[in-house]
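*Asks:* Sequence:
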Amino acid sequence: GTQVGPRCCLLPPLPAGPPGGTERGHPGVGPCAQVLTLEASPSWMTPLKEPPTPAVPPVRTPAPSQDMGGPVPPVSTPSTHPEGLPGWSVTGARSPTMPEGAPEELDTAANGTTVVPTADTSAPPCPGDEEPTDTCVEPTGEQRAAVAEALVTFALRFYQHMAEAAQPDANLLFSPINVAVGLSHLLLGARGETQERLAALLAYPQGLDCVHGALQQLASAPGLFSAAQIFHSPELHLRPRFLNDSLRFYGARPHALSGNESLDLQRINAWVREASKGLLPSLLSALPPEPSLLLLSAVHLRAAWRTPLDRKKTVLLPFLRPGHPPRKVPTMTSAKYPVASFSDSRLQVQVGRLELNGGLSLVVMMPRGPLEPLETLERALDPTTFLALLRRAARTPPRATALSLPRLRLDLTLDVVALVHDMDFGLFLDAELCGLARGPAAVDTARHRAVLALDEAGVEAAAAMATSVARSALVLEALRPFLFVLWHDTGDFPVFMGRLSDPQP
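Counting in full-length UniProt numbering, the sequence shown runs from 1 upward without gaps.
Do not rely on the hints blindly, as some may be mistaken.
[As the list claims (entries may be wrong)] Below, simulated DSSO-like cross-link-like pairs (lysine-lysine); rule was C-alpha separation at most 30 Å, straight line:
hint	residue 1	residue 2
1	K313	K336
2	K312	K328
3	K336	K312
4	K328	K313
[Said to hold, decoys possible] With beta-carbon atoms standing in for the labels, derived distance ranges:
hint	residue 1	residue 2	range
5	A145	E193	27 to 35 Å
6	A145	V475	33 to 41 Å
7	T376	P127	42 to 50 Å
8	T396	A145	19 to 27 Å
9	Q348	A394	15 to 23 Å
10	P234	T384	43 to 51 Å
11	G192	R273	34 to 42 Å
12	S285	T384	40 to 48 Å
13	P325	A200	38 to 46 Å
14	Q266	E477	44 to 52 Å
15	A380	E193	30 to 38 Å
16	T376	E138	40 to 48 Å
Bear in mind the hints are in silico, worked out from the structure with no lab data behind them.
This one's a predicted model, so the numbers in the text were calculated from it and none came from an experiment.
Glycine residues also receive a C-beta, built at the ideal position from the N, C-alpha and C atoms.
Build out the structure end to end from the sequences listed, making use of the hints.
*Replies:* This is the structure we're talking about:
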């Protein structure tokens, strides 16, 4: 239907590379990026009117960064956190005391005096801005574990909806923490029912304090690099609380767009290159008409196999594809590779965990039956069982195993909004996002790009670490469609998740 009022959308990144391709110049896990775009119409640009005839108390001059579109909430200090508003921060990000460019400037009269505008009656107060701030300073271990568990629940639900919408033989890939970070950033501006439903979709427990601080600690775990940035129209008046929270939790200094699309694209893509250490050369090829707000987040991972695989032992082996003839694909093999593996008779699944450096692991899940489709396993998993399998894999000691694992080279793009609507229909159709900017806003489109490449050296070449193993007595042959999770052992959360249905689609 016709979009009424402003639009909020997540911008698409550059088109994905050819199926099975990788980012050039990097054999490892590539970056995954998500862009959120919010567009607002000038409906809020109503001339300020004089207050009604009844007398009003003296007006105190507010700070320049306060929102003149409603009651002026207190400005939080960097040590406080907004209650119930999860967020995320970047390790080592600069934390200036104010965003670049104040969100609003007081008008100046002809005689040079400052004009204090009255409340704009066209912009009603935003619920929740008057609530006291959360005094949480440091998340506890229990709070951090609760957020990590929420990420696992969200990852499985998101993946299952991806699988339902995709073809049975399609490869899947996404970064749960990157998608969760983008939606949590949007959650900063959500209010009312939208805030409750979005938090439930992210599986955040009700009443859990320090969600944002705990998510920040997970996102800054060793081996994981994340960054965030905001680009906005100079005409868009963001809520001061949203600006402050974005700066505090995302480490983002908002930058105003110039209006010159070519110049703005150069600036945006330059930030992406810098944030991803050159692993993602660019993110956007075009801007939407009259862009209002761009929220960008990127994550990439660098790690190597704890025990590198010998390239000389990579051979062509047949990969079974349901409904299609077997296809010979480059397969990494080893007669005695350390793998933590076990089987679950109830689920009829074989689980194998291969260690990487930096407290990371690749967890592979395959059906045990010779004719059992992966779809059966995908539907049988629930969050509790899924987490139990991952934790059991983490505590199972590696043993010498005859390994056959296809090279993973995936580069996929998906529509986040479509999946969100599938998970909670109508969530973004009439969203309450008044905490983000004045005037209504509705999520329009979203794209999420994930890139993953695993070869004999792992996700990045590194010095080999010797590992002593006993004689091989186990076998892990991933020569059929399987589900995989790139798991952060120390953080206890998924970094990437997907399935390999066809190594060379």
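*Asks:* Now, for every hint given, state plainly whether the structure supports it.
*Replies:* How the hints compare with the structure:
1. K313 / K336: 12 Å, holds
2. K312 / K328: Distance of about 17 Å is within 30 Å: holds.
3. K336 / K312: 15 Å, holds
4. K328 / K313: 15 Å, holds
5. A145 / E193: 27 to 35 Å: 28 Å, holds
6. A145 / V475: 33 to 41 Å: The hinted range 33 to 41 Å holds for A145 and V475, with Cβ atoms some 34 Å apart.
7. T376 / P127: 42 to 50 Å: 45 Å, holds
8. T396 / A145: 19 to 27 Å: Given range 19 to 27 Å: holds, Cβ gap about 20 Å.
9. Q348 / A394: 15 to 23 Å: 21 Å, holds
10. P234 / T384: 43 to 51 Å: Given range 43 to 51 Å: holds, Cβ gap about 49 Å.
11. G192 / R273: 34 to 42 Å: 38 Å, holds
12. S285 / T384: 40 to 48 Å: 42 Å, holds
13. P325 / A200: 38 to 46 Å: 44 Å, holds
14. Q266 / E477: 44 to 52 Å: 48 Å, holds
15. A380 / E193: 30 to 38 Å: 32 Å, holds
16. T376 / E138: 40 to 48 Å: Given about 44 Å between the Cβ atoms, the range holds.
Hint compliance for this structure: every hint is met.
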